[in-house]
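Colleague: Listed here are the chains, written in short residue letters.
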Amino acid sequence: MKQHNHTVIELIVNNHPGVMSHITGLFSRRGYNLEGILCGALGEGSTSVMYLLVSLNEQYMQIISQLEKLHDVIELKERSEYDHSVFYKIDSLFAE
Amino acid sequence: MKHTGAEIIIRMLEKKGIRIISGIPGSANLPLYKVLHDSNIKHVLARQEQGAGFIAQGMARSTGKAAVCFATSGPGVTNLLTAIADAKIDSVPVVAFTGQVATNMIGTDAFQEIDTYGLTIPITKHNFLARSAAELLEIIPEAFRIAESGRPGPVVIDVPRDVQLQEHTFDEWPCFHEKHNPAAIEKNNPDTLAITINSARRPIILFGGGIIESASEGLLRQLAEKSNIPAASTLRGLGAFAPSHPLYLGMIGMHGTKYANRLIEQADLVIALGFRFGDRATGKLSEFCKNATIIQVDIDKAEIGKIKPAHQHMTADLYIFLESILPLIEENKRTEWIHQVNFTRQQLPYVKAPVNGDVFHPLRIIDEVAAHVPSDTIISTDVGQHQMWVAMKYPFTMPRTFLTSAGLGTMGFGVPAAIGAALANPGRKVVCFSGDGSFLMNMQEMATIAEEQPNLAILLFNNGYLGLVRQQQELFYDGKFIASQFHAIPDFAMIAKGFGIKSFDMAKEENPLYVLSSALRLKEPVFINIPINYSENVYPMVPPGAANKAMIG
Chain P
7 MKQHNHTVIE LIVNNHPGVM SHITGLFSRR GYNLEGILCG ALGEGSTSVM YLLVSLNEQY
67 MQIISQLEKL HDVIELKERS EYDHSVFYKI DSLFAE
Chain D
594 MKHTGAEIII RMLEKKGIRI ISGIPGSANL PLYKVLHDSN IKHVLARQEQ GAGFIAQGMA
654 RSTGKAAVCF ATSGPGVTNL LTAIADAKID SVPVVAFTGQ VATNMIGTDA FQEIDTYGLT
714 IPITKHNFLA RSAAELLEII PEAFRIAESG RPGPVVIDVP RDVQLQEHTF DEWPCFHEKH
774 NPAAIEKNNP DTLAITINSA RRPIILFGGG IIESASEGLL RQLAEKSNIP AASTLRGLGA
834 FAPSHPLYLG MIGMHGTKYA NRLIEQADLV IALGFRFGDR ATGKLSEFCK NATIIQVDID
894 KAEIGKIKPA HQHMTADLYI FLESILPLIE ENKRTEWIHQ VNFTRQQLPY VKAPVNGDVF
954 HPLRIIDEVA AHVPSDTIIS TDVGQHQMWV AMKYPFTMPR TFLTSAGLGT MGFGVPAAIG
1014 AALANPGRKV VCFSGDGSFL MNMQEMATIA EEQPNLAILL FNNGYLGLVR QQQELFYDGK
1074 FIASQFHAIP DFAMIAKGFG IKSFDMAKEE NPLYVLSSAL RLKEPVFINI PINYSENVYP
1134 MVPPGAANKA MIG
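The listed protein sequences correspond, in order, to chains P and D.
For the first sequence, position 72 matches number 78 in the numbering used here, and the numbering has no gaps at all.
For the second sequence, position 477 matches number 1070 in the numbering used here, and the numbering has no gaps at all.
Pulled out of the complex, with its shape left as it was, chain D reads as follows (with noise of 0.2 Å):
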């Protein structure tokens, strides 16, 4: 058979399974969206290319599965990259084809060219740029397969355009690979581990998005309970573990709970699963979990050890490790260890929106939306004071449930990623929160939002503030106020409503509460404003270079 570049790359997507590709044509892929025009592949049509690569970020980060997205060359490609290095540092299996000018024009400086290959190195599990169209039958394959095996990654494929027209005569259609993970662990290695989780008097697990990735949420749980050992999250981690589980600590770190925190610092063995060490969780690194005995578990085996010696570790799929080691667990009832997190967990009590005063108090809305929404509703946030409050007060209670840019932190992610994760999961609500500075670094994906007519929701907390800004200016610069005012302050509602998006703001309402939960029973797009008292900070808080222990608030 014979077949164009272009034809290869749509065949081989349908044969994937790929339902649902963002992205915009441009000059350099518009072959390939010539073939995507008779493919039973939807494709969503973003405003602007990061837009596009969040939306495939909320796909693959609320399915697990790798994601497409499609940008032209060029600026199509600058657009794009913040989504892909937000992809990589949060291990999101997104593979993105970018048009490329002709092979004879590479290097030549020609009109939207740019050294995608090079801008993407640094930012992608891998990357490949295609210099024929046969090629393009290993890189496919090897592409899903490298973004979705061991720890997930976003992986870039640049196709010139005339490698997209180029015809290539084949006799077999490639396989894709299966999905692989490292082999079987160790034999001894659970072992040795066993006996050390078996002997700690004060054991603590400490999660991170790997559990996630592997679906080993059910195992983690089993590992805590037939051993009595408490378990804090990482941001990345959030919806792993029931938040109302006696034996769950909530999340560690600069925004955690102030007993996680503590206990860590008790504890004489720390567990960390699929987590790497990222400085929001530790804190000052040389007081981090200091006294205590590391185990390490990852499947990366370049973060064992990268950022703090482990005294024993194992790189391995968290799901193959944990079935492993259960069996070599002992039951263990930890009296005196328990009544002490206990103990500590009533000292320390956690923050709780007002019970009177402020109806729009941050944590109140929380609490609200939570009331009023399924628990399988797909939540996603912006970056910033909300996107805290959210981490630490929504109870997310199952895995892929929580999308949020944690390594990155990207303003501007959250509206797009809703997007991805409303297309990708028909039949669920969505809904992201945002803050007024967030939501305007991708407010045009509103448009996207009008013609997709998604089951999302919009709630914008808005402050008037660039607030996590304002916040630290308040307090470690010395109330300096500047650039995180904004004096401009845009009718948010008014603007929804200009897209053609149903709005409210719930300044102006009566009865505001009601007309929340009353918005959020609606099955279409719906952006609601809610004004925030500007001088509400994110409590507790550890500050900047400190140590966990010294929280703040």
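Excised from the complex, chain P in its bound form (with noise of 0.2 Å):
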């Protein structure tokens, strides 16, 4: 499933406490939508991997520039291709 005014954004970053505060509050205090986020540990635990769903709207350039700003953001990819129904279904996924 994708929905053509969405897309996915997918981050490595350090894994460190502070990592989320600094994601979820930079779409805070700059006023993005933020649709859903998938987060989960990397090999040894020293980085994570980061899908952030987003809105496609003329914001999103200014998005991934400001993401790219952040010094815990090792690296940044525009996944457009992605099916976004995995955000939609996270209840299914746990089940047995």
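Possibly wrong hints are sitting among the right ones.
Negatives, chain D to chain P, calculated, CB over 10 Å [claimed, not checked]: (1) Ser632; (2) Leu638; (3) Asn720; (4) Leu722; (5) Arg814; (6) Gln905; (7) Asn925; (8) Val948; (9) Val966; (10) Leu1001; (11) Asn1048; (12) Phe1079.
Within a straight-line C-alpha distance of at most 27 Å, the following computed BS3-like cross-link-like pairs (lysine-lysine) qualify [to be verified]: (13) D/Lys595 to D/Lys681; (14) D/Lys658 to D/Lys627; (15) P/Lys83 to D/Lys894; (16) D/Lys899 to D/Lys1095; (17) D/Lys877 to D/Lys901; (18) D/Lys986 to D/Lys899; (19) D/Lys609 to P/Lys75; (20) D/Lys1095 to D/Lys1116; (21) P/Lys83 to P/Lys95; (22) D/Lys635 to D/Lys1116; (23) D/Lys926 to D/Lys883; (24) D/Lys986 to D/Lys635; (25) D/Lys986 to D/Lys877; (26) P/Lys83 to D/Lys901; (27) P/Lys75 to D/Lys894; (28) D/Lys899 to P/Lys83; (29) D/Lys595 to D/Lys627; (30) D/Lys681 to P/Lys75; (31) D/Lys658 to P/Lys75; (32) P/Lys75 to D/Lys901; (33) D/Lys595 to D/Lys635; (34) D/Lys899 to P/Lys75.
Don't read these hints as lab results, they were simulated from the structure.
Positions of the beta carbon are idealized from the N, C-alpha and C atoms, including for glycine.
Take each chain as given, in its own frame, and dock them per the hints.
Modeller: Structure (structure tokens):
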């Protein structure tokens, strides 16, 4: 499933307790919409991967630039081809 | 070797070449102060943490190098926040070390505990919570690299008390990283930008603080002169272009020059250099340079097109950009455009101090000061009418001689920033222009002045009002004056005297201008109260929300 007014941003970030605040704080203080967020540790846990579901609107390029500025963001990839349905069926993924 | 966290911090600051730290001790940073006791770094005891933050800003803004301040946990940190937020929006490299309760107490609502990390995320370029003494070896060089490289900004390092005391064994001190700026710019880009500039008929350069941060004022002037492009500044750019230069248009925006605001509307090309399209500079955005092609060059990629789309742009250090584009710029007399510029300038003359009449007219006082201090004098201001008058009238000829809270507009900035500038630049004169509203917001630092004896003159423009508020109420709120007049007016000269600072009250002097010029010649702290006519407004001005061409006054 893909909603064409949305897209996915993949971030590789340093994994420490403040990182989530840095990312979500950026969205709230600059008034950007954040529709969904998935996050998990990578490898031995010094980095994490985050998937952000965001609206494709006039703020999108600014969101990318501001995210790239964050010191804890190691890598940013725009995943326009990704299926968004995972964000809407998290419940079922947790089911046995 | 074995060192505690506190020793690592102080030794690393010594290695970084930090000579002065402003701050206030408290229980959560006392281990740091114990080590500082035996260091050759000078500590300046501020009287409130906001003062410590602005003293560090005064050092950083006047030198371009990162400056350091200390505060303790809890209220020490909350007091400091305004100065950190101010540094963020004006891109000032400050590294603040804050004490924190011990690691095992974090999250327990301990005495003087506050979530410094959480509070400082939105107002720093980056922040750290040190979880071990070992981490400090990485954090400290990284913090200075972040603060000073690219677009500068403040960094907070929160250090729990037990981390300051923790011992760590290591082999070698880490090195401080070289200041990092974006790599050399893309090859083709300067060519296309140069073609646009060369083919423009009515170009204007609009520069901001980025020119000063990149120390490229000389290259900026070469670009303007080679192609005869007039240049206008923002508040943060003042000092980068000689005010007497025939191509200089002064400041744009709300309290800019009428001719700069008019000419930008007539330009077919606006070259925005290190200018973030702040709303006080642009006025109503939809009307701002709407007839022009926009070229934007900024070191911060996120500034490109943030406010207004740029037709052509480049993310680059301005020094590297200007160096690479200059050989590609054709000499051009632009006779017609320059004629139009000069004509507009004559049609719309700029503000002048009255020749006769009010001795205490703010513009006249500013002229007097400029005439009696050396050209490398550092000027700080507070925020309000006096700030705008200084920005409009003072002839800044050198970068980093004008320290002002531009983006955040923090009343209370002027006095502590002036202290920092004076301490970091011994041998140079510092003058702080303040207002009676602003001065009261950080007056406690008069005690710091009495202690440090900097070569600093404070000039208080005293009109008994929050002047810029009064002006807005008069012009835009139907003259409904409320909460803008001070009914109890302190005897400021006597207060200064009470702090042990030499003071003059020009209201009581027979020859006030003579007293002013002699006071400015003193090489010690001096405070001068200057009565200003309360009804004096800052003109010209763009009404809030209006287009820049709608200037009144």
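Colleague: Identify every previously stated hint that the structure contradicts and give their numbers, smallest first.
Modeller: Numbers 3, 4, 13, 16, 18 and 24, in rising order.
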